[in-house]
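K.L.:
Each chain, letter by letter, is given below.
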Amino acid sequence: MNTTPTLELRNLEVAYTVRGIDRQVLRDVSFAIAPGEAYGLVGESGCGKSTAAFAAMRYLPRNGKITKGSILFEGQDIVDINEDAVAKLRRSAISMVYQNPATALNPTIRIGKQIAEVFELNGVSSSDAMMMAEQALTRVQIADPARVLRRYAHQLSGGMAQRVVIAMALASNPRLLVMDEPTTGLDATVEAEVLDLVRELRRDTGTAVLFISHNLGVIRNMCDRVGVLYAGALVEQGATSDLFSNPSHPYTVGLLRCIPRGGLHKSTDRLDTIPGTPPALGLKFDGCVFAARCALADDKCRTQLPQMVTINGAHVARCFHSDKASSLPRSVEQIEYAPQVTGHSTKVGDALLNISHLSKVFTQDGHKVRVINDVSLTLGVGETLGLVGESGSGKTTIAKLLLGLTPPEEGGVVTLDGKGLAKTLNRRDVADVGAMQIVFQNPDQALNRRHSVTRIVGRAVERLRKFSLADAIARAHELLSGMRVEASLHSVRPVQLSGGLKQRVAISRAFAGAPQLVVCDEPTSALDVSVQAAILNLLVDLQKQDKTSFIFISHDLGVVRYISDRIAVLYLGRVVEFGTSQRVFSGPFHPYTEALLSSVPNIDGSTRKRIPLTGSVPSPSNPPSGCVLNPRCPRKAGSGYETLCETEEPNLNEVEPGHFMRCHIPMAKLKQLQS
Amino acid sequence: MLRFIVKRIGLSILTLTIVSLIVFLMTSIMPGDIAKQILGRDASPEAFEIWNKEKGFDKPLVVQYSRWMGGVLTGDLGTSFQYEMPVGEILGPAASKSAQLAIVALILIAPISILGGIVAAMNRGKKVDRALTVGGLSAAVIPEFVWAVVLILVFGVAIRAFPVSAFPDEENPNIVSSVYHLILPSIALLFVLFGYISRITRAGVIEALDSDYMRTAVLKGLSRKTAVFRHVLRNALLPTIAVIATQVPYLAGGLIAIERVFNYPGFGNILLDAVIARDFPLLQTAVFLTGVVIIVFQLIADILFAVLNPRIRQKVTE
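From first to last, the protein sequence lines stand for chains B and H.
The opening position of the first sequence corresponds to residue 1 in my numbering, with each subsequent residue numbered one higher.
The opening position of the second sequence corresponds to residue 676 in my numbering, with each subsequent residue numbered one higher.
I should point out that these hints are in silico values taken from the structure, not numbers from a laboratory.
Quick caveat: nothing in here was measured; it's all calculated off a predicted structure.
Careful, some of the hints might be misleading.
[Unchecked claim] Below 35 Å or equal to it, Euclidean Cα-Cα: the simulated DSBU-like pairs (lysine-lysine) are: (1) H:Lys682 - B:Lys88; (2) B:Lys65 - H:Lys802; (3) H:Lys802 - B:Lys68; (4) B:Lys284 - H:Lys801; (5) B:Lys88 - H:Lys802; (6) H:Lys801 - B:Lys68; (7) B:Lys400 - H:Lys682; (8) B:Lys368 - B:Lys68; (9) B:Lys544 - B:Lys400; (10) B:Lys113 - H:Lys728; (11) B:Lys419 - B:Lys544; (12) H:Lys900 - B:Lys68; (13) B:Lys368 - B:Lys347; (14) B:Lys347 - B:Lys419; (15) B:Lys609 - B:Lys669; (16) H:Lys801 - B:Lys65; (17) H:Lys900 - B:Lys88.
[Unchecked claim] Under 10 Å between C-beta atoms, here's a sample of chain H residues computed to sit facing chain B: (18) Tyr888; (19) Leu894; (20) Lys895.
Where a beta carbon is used, it is the ideal one built from N, C-alpha and C, also for glycine.
Using the sequences and the hints given, assemble the complete structure.
P.N.:
Structure below.
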């Protein structure tokens, strides 16, 4: 092995100047990527992943600077080369793919011109460049490339926009491709397609890849080697399979344990968390960066900087106790929460929520668009119903219909605890409003930033339970403390809290009215995995104590599987499969469910054949005839039911007790096809 | 797109109707007896009555209004009390004079202000930026007529580089002379508008400079300068164009103070005379036409904005 690495970071240190003080964000980071190799960087938000990526592009924010070390591209140090030389590198040798493809494209320039620009920069004539742009789009397997050339960014779906960005990045035939969270925010099915594409392109081009992701499953499936970053320091590095099978830094061990991985369920397994919070930006350390949160840390860890130790070959970890890392004590938070005093005395499993024939039609530019089509579901006391489906499948609209934020069409009925609910929120009485509450994805936007935490929760208690102000405040404090929001934080405003704490406040608010049902709309999607685990544990505890029921909306099937008792799979506003969590996840699956499940990158490294859904989600304003899934159905061809699938919409049939499926293909046949 | 334009025009007509009502009612309730004002204090009561009858002031307001609007719509703008001439013949030349001033001013103001905004944005936080921002703001807080007087004193009286009047004395002035006379008033207007327009430009450019697509452009390997030209300006100038378009009616609709100071026979001067002389037909129509100018340019601004921004254009077409 004497080849020069494509990219090598050597003892790289980067600092951001904030309020006149240099704050270190990368600490002595060294790694190398060989030609054709895919190197993954993982870690939670704020640990320096993106900074490392942008440093490799020599593109740091205005207040960022490289304070030490070198960045070698094919052996040449690029830290001190001038802007022209940097531009030349970017034109011809290094490209980048970004997290937000939609905003990465210029909104006022046609796609074709934006791609052609790369070729023109490399001296191609503009007419040839446009032709090559079309070829570039063909290469990323976009449907109808000639048409896409003439489109604008906002006319593309997220997956298409990312393909365009990838086409643009590959246009210069780069030797290094930096991908910063390229699939974050995309649907699982789209993510799987984009990842397949990247894998294929890598095979064809042999480009070296620096792959940044917070998603360990994606990293595991995409990368040859992995580096784990914490607080700007590389704490562990090794071949992907070694690192995942034998994590040797306590942080890596903790990260892996936080994830609700295949098969875990709330009824039997409690998720681990990583205690404490990541250090503030630029904090100085005498010892190990992770010591403050590490259960194995001793005095040595706190005072001496550990060096990388070899675990096995190229697998290294920056830890004094790497041999004991796998025996890291489990960290499971418990809540101290006073049960709600309510009049509800139903027992777990009794029927609580009954949704029948719920539909919703929106009018869009004079066209009627049926976004929810005859949805009927039931949920028991103390149970969780998981709603899954690609974006646009109607998950959030169902939540809005339940809460009365938008009225359902005539004929749709929502019954809670035997009582029919008014169609709109303002016609529901206080008890009904308190009985059903919601937790949103983004607590930043859901909490009033001008109010203190106490006021946010206290006001809800006062309104929903008709408490006096003093009682309401007392109850608010009780709720907040129970959800592990410390008393010292009760008087602060949301802006001073971390994402996880904000979500705890939002959950406290939702529980103010002693609810029977809480709708959780992607409550952990914006959070890091360790915080996600803590929030999921909290929800499970609340459910056990109060017999609260949840409707849990998430695009993360692992999370849904962990927390749900029943699952409803939605496609184009219709329930295509509904049953107990165990049934839905064990198969035989509805073809759509099967495709969804197979698109999730697996963290345990087991390879599984992906069942692709061809094409994109059709518009609900013009649904396909017959079964709405039929143009994309992975099981239609060869099933013997093709004509039926294309002409007649199947009913939601009870295929076995408590398990419903909307498919023409009989269970036995599906079982045979899927085995 | 067509639907959008038709809808917008419909809205504009509605707004203009409301404007016409307000203008009509306001002039109707202006204090003082018009007949007395026009005919003089000593005229006999019969003369007042005959005059009022002749002018239609004895009719109910509804009739007076519909007669006025009917006239405006058919091109009969009424007869001025003061000059005893058709209003159209008075306002026509004045409007053309005002338009000339507006065009010269705009040609001077738009590029300079936009350039100022771009330079400030590119040097964000540096001395150039601060100088432009503070300077522009300081200049804007001083009213245009003060600037006008200062400019006349400096360039007209002391240095004698420019004429003190905005209107050439000659019989048939050529275009060079006309423009030359309009430069000082335009500079006065530049001082007033520079701060505003350059700030809007600066904000637009900064937003575009910080955008993800600008990052993409730079990481594609474009030089910063090329990236700014190709990717920033078009997006950044969108709001600026709309802002400039909304300033056009201010320029074209009669700059009373500037026209007075520079002794320029434009719309503003006529308007002021009409108020002082209680020349109702002239005043009503002049104010109403100002409203028409404002609304038409607002409409043009909206349509321009839609045409330049594909996102809005598409929304509009759907």
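K.L.:
So, for every hint listed, does it hold in this structure?
P.N.:
We went through each hint and held it up to the structure:
no. : hint                : result
1   : H:Lys682 - B:Lys88  : violated, 50 Å
2   : B:Lys65 - H:Lys802  : holds, 22 Å
3   : H:Lys802 - B:Lys68  : holds, 30 Å
4   : B:Lys284 - H:Lys801 : holds, 31 Å
5   : B:Lys88 - H:Lys802  : holds, 31 Å
6   : H:Lys801 - B:Lys68  : holds, 27 Å
7   : B:Lys400 - H:Lys682 : holds, 32 Å
8   : B:Lys368 - B:Lys68  : violated, 61 Å
9   : B:Lys544 - B:Lys400 : holds, 26 Å
10  : B:Lys113 - H:Lys728 : violated, 70 Å
11  : B:Lys419 - B:Lys544 : holds, 24 Å
12  : H:Lys900 - B:Lys68  : holds, 29 Å
13  : B:Lys368 - B:Lys347 : violated, 42 Å
14  : B:Lys347 - B:Lys419 : holds, 17 Å
15  : B:Lys609 - B:Lys669 : holds, 19 Å
16  : H:Lys801 - B:Lys65  : holds, 19 Å
17  : H:Lys900 - B:Lys88  : holds, 15 Å
18  : Tyr888              : holds, 4 Å
19  : Leu894              : holds, 5 Å
20  : Lys895              : holds, 6 Å
Checked against the numbered hints listed earlier, the structure breaks hints 1, 8, 10, 13; every other hint is satisfied.
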